[in-house]
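Trainee: Chain by chain, the residues:
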Amino acid sequence: MNSLFMLLVVREARLLCRRPAELANPLVFFAIVIALFPLAVGPQTQLLQSLSPGLVWVAALLAVLLSLDGLFRSDFEDGSLEQWLLSSHPLPVLVLAKVMAHWLFSGLALVLLSPLLALMLGLPGRCLPVLLASLLLGTPILSLLGAIGAALTVGLKRGGLLLALLILPLYIPVLILGSGALQASLQGLPVAGHLLWLASLAALTITLTPFAIAAGLKISVSE
Amino acid sequence: MSNLMNWTWFHKLGSPKWFYEISGRWLPGLAIAAALLLLVGTVWGLAFAPPDYQQGNSFRIIYIHVPAAFLAQSIYVMLAVAGVVGLVWKMKLADVALQQAAPVGAWMTAIALITGAIWGKPTWGTYWIWDARLTSMLILLFLYFGVIALGQAISNRDSAAKACAVLAVVGVINIPIIKYSVQWWNTLHQPATFSVIEKPAMPVQMWLPLLIMVLGFYCFFAAVLLMRMRLEVLRREARSSWVKNEIRGLVEGKR
Chain A
1 MNSLFMLLVV REARLLCRRP AELANPLVFF AIVIALFPLA VGPQTQLLQS
51 LSPGLVWVAA LLAVLLSLDG LFRSDFEDGS LEQWLLSSHP LPVLVLAKVM
101 AHWLFSGLAL VLLSPLLALM LGLPGRCLPV LLASLLLGTP ILSLLGAIGA
151 ALTVGLKRGG LLLALLILPL YIPVLILGSG ALQASLQGLP VAGHLLWLAS
201 LAALTITLTP FAIAAGLKIS VSE
Chain B
1 MSNLMNWTWF HKLGSPKWFY EISGRWLPGL AIAAALLLLV GTVWGLAFAP
51 PDYQQGNSFR IIYIHVPAAF LAQSIYVMLA VAGVVGLVWK MKLADVALQQ
101 AAPVGAWMTA IALITGAIWG KPTWGTYWIW DARLTSMLIL LFLYFGVIAL
151 GQAISNRDSA AKACAVLAVV GVINIPIIKY SVQWWNTLHQ PATFSVIEKP
201 AMPVQMWLPL LIMVLGFYCF FAAVLLMRMR LEVLRREARS SWVKNEIRGL
251 VEGKR
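These protein sequences, in sequence, are chains A and B.
Residue numbering for the first sequence follows this note's numbering, starting at 1 and increasing by one per position.
Residue numbering for the second sequence follows this note's numbering, starting at 1 and increasing by one per position.
None of these hints come from the bench; they were simulated from the model.
Keep in mind that the hints are not guaranteed to be accurate.
[Stated by the list, open to error] Below, computed lysine-lysine pairings styled on BS3-like, alpha-carbon distance capped at 30 Å:
1. B:179 / B:17
2. A:218 / B:12
3. A:157 / B:92
4. A:218 / B:92
5. A:157 / B:90
6. B:121 / B:17
7. B:121 / B:12
8. A:218 / B:90
9. B:244 / B:12
[To be verified] Over the 10 Å line for every Cβ pair with chain A, so calculated as not near, a few chain B residues:
10. 89
11. 181
12. 218
13. 225
Each residue gets a CB set at the ideal place from its N, CA and C atoms; glycine is no exception.
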């Protein structure tokens, strides 16, 4: 079982590495969205600094959402998903491997890029560990929840906007906790509470969402 | 054996024809109850209940606002229950119930939000504040929109129902998390600019009409849901002989 999990992760990683442009797109989107805010609200350093926790988190959330649109599409089109459904291995484990591989490349890259953009918005350097910790805990939740929507909409021609409509309301707790942690650290308040809540949400989504994703894929494939 | 017998009603619900017949018998009673309760509750609440000592007569919108908010939340839970029944027992009628209840729930949420905004102006001095309860109600509206949009986007009827069921179940697990996180967010970010007026223990003359209105709204929802479900059942079973007979009977009855 474990070897299968690793095999799947490696396969996904190899596939993703062969299409580097698709990996770069969410990152570029993340950077552009961050750049839009100073243009929209004005370049005042004080204002941008106080807004930066929310801005970084909203931009990261949208970038994750954008990257998830095609999560299952190519597998759906080339028939791999049907093979997954037919195989004797439990589907929730397979989808967990798939989402994990996806997160390792897109989510993790996002986390690594975020300090640079946060510093450009004027977030002080002492807040960076909290930024990294909150995103490290939060982006897997975003990927897993988003994968439910991606699984339900994989058979639809124009699933992108619908995916956002289905999933964004479910992202709200992560957004509140993640940006709350950053806000607290910006004001010099303790952040452990926010981070622990994020961690417990991450544990909850890792254990429960694979079943919902598997159910969604079964529905979409059997259509 | 007796245990098995008790479940026959549940299995019978799988038959659209049986549902159509039994719901036809319930519907007049429910509709009359809804009309009576709503009429009594509205007249009593709007005309005879004593005015609030702080808010005067503006509080009377409570008789619409609170029942709508109650229903908005109960209907979402009902969607999830119907979703579980549909997914586990593959019952088509649960699919019908889920998809027909979702728009009603969205309307109730919208009514609760709109009446809340109208009530907020005289009480808080503003139509909208990012208060925890208002915000979670708005999110509930978005959750309803998601279910409706997903149901309409998938062309295959059965897949659409199953997808909506999964989404409703995921949503219902998330609702408490969203609710608590929004409350936390509110207490963290917003000092009490407007404190929601502490509700004094209501006198009987005030809460009795409210209770009647809540019951009336539930009966109204049940009647509307049954009507919508009956129509959908007729549409789905349009080719079966009992539906053809039924329609023929209805058309000839009209003439």
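Trainee: Between residue 157 of chain A and residue 92 of chain B, is the straight-line Cα distance small enough, at 30 Å or below?
Mentor: Holds, because 26 Å separates the two Cα atoms, which is no more than 30 Å.
Trainee: Can the restraint linking residue 218 of chain A and residue 90 of chain B be considered satisfied, given a maximum Cα separation of 30 Å?
Mentor: Within the cut-off at roughly 14 Å; holds.
Trainee: Does residue 179 of chain B pair with residue 17 of chain B here, judged by a C-alpha cut-off of 30 Å?
Mentor: Roughly 40 Å between the alpha carbons, so the hint for residue 179 of chain B and residue 17 of chain B is violated.
Trainee: Are residue 121 of chain B and residue 17 of chain B close enough, with their CA atoms no more than 30 Å apart?
Mentor: violated (50 Å)
Trainee: Please confirm whether residue 218 of chain B is truly not at the interface, meaning its C-beta sits more than 10 Å away from all C-beta atoms of chain A.
Mentor: Holds, since 26 Å exceeds 10 Å.
Trainee: Say whether it holds or is violated: residue 181 of chain B keeps its Cβ farther than 10 Å from all Cβ of chain A.
Mentor: Answer for residue 181 of chain B: violated, closest chain A Cβ roughly 4 Å.
Trainee: Is residue 218 of chain A within 30 Å of residue 92 of chain B, Cα to Cα?
Mentor: holds (18 Å)
Trainee: Looking at residue 225 of chain B again, its CB stays over 10 Å from all of chain A?
Mentor: holds (23 Å)
Trainee: Quick one: work out the minimum CB distance from residue 89 of chain B to chain A and report holds if it exceeds 10 Å, violated otherwise.
Mentor: At roughly 15 Å from the nearest Cβ of chain A, residue 89 of chain B sits farther out than 10 Å, so the non-interface label holds.
Trainee: Does residue 12 of chain B lie within 30 Å of residue 218 of chain A when you go C-alpha to C-alpha?
Mentor: It holds: about 28 Å lies between the C-alpha atoms, which stays within 30 Å.
Trainee: Given the hinted pair residue 121 of chain B and residue 12 of chain B, is their Cα-Cα distance within 30 Å?
Mentor: Judged against 30 Å, a Cα distance of about 50 Å means the pair is violated.
Trainee: Starting from residue 157 of chain A, check that the Cα of residue 90 of chain B is at most 30 Å away, please.
Mentor: holds (27 Å)
Checked against the numbered hints given earlier, the structure breaks hints 1, 6, 7 and 11 and satisfies all the rest.
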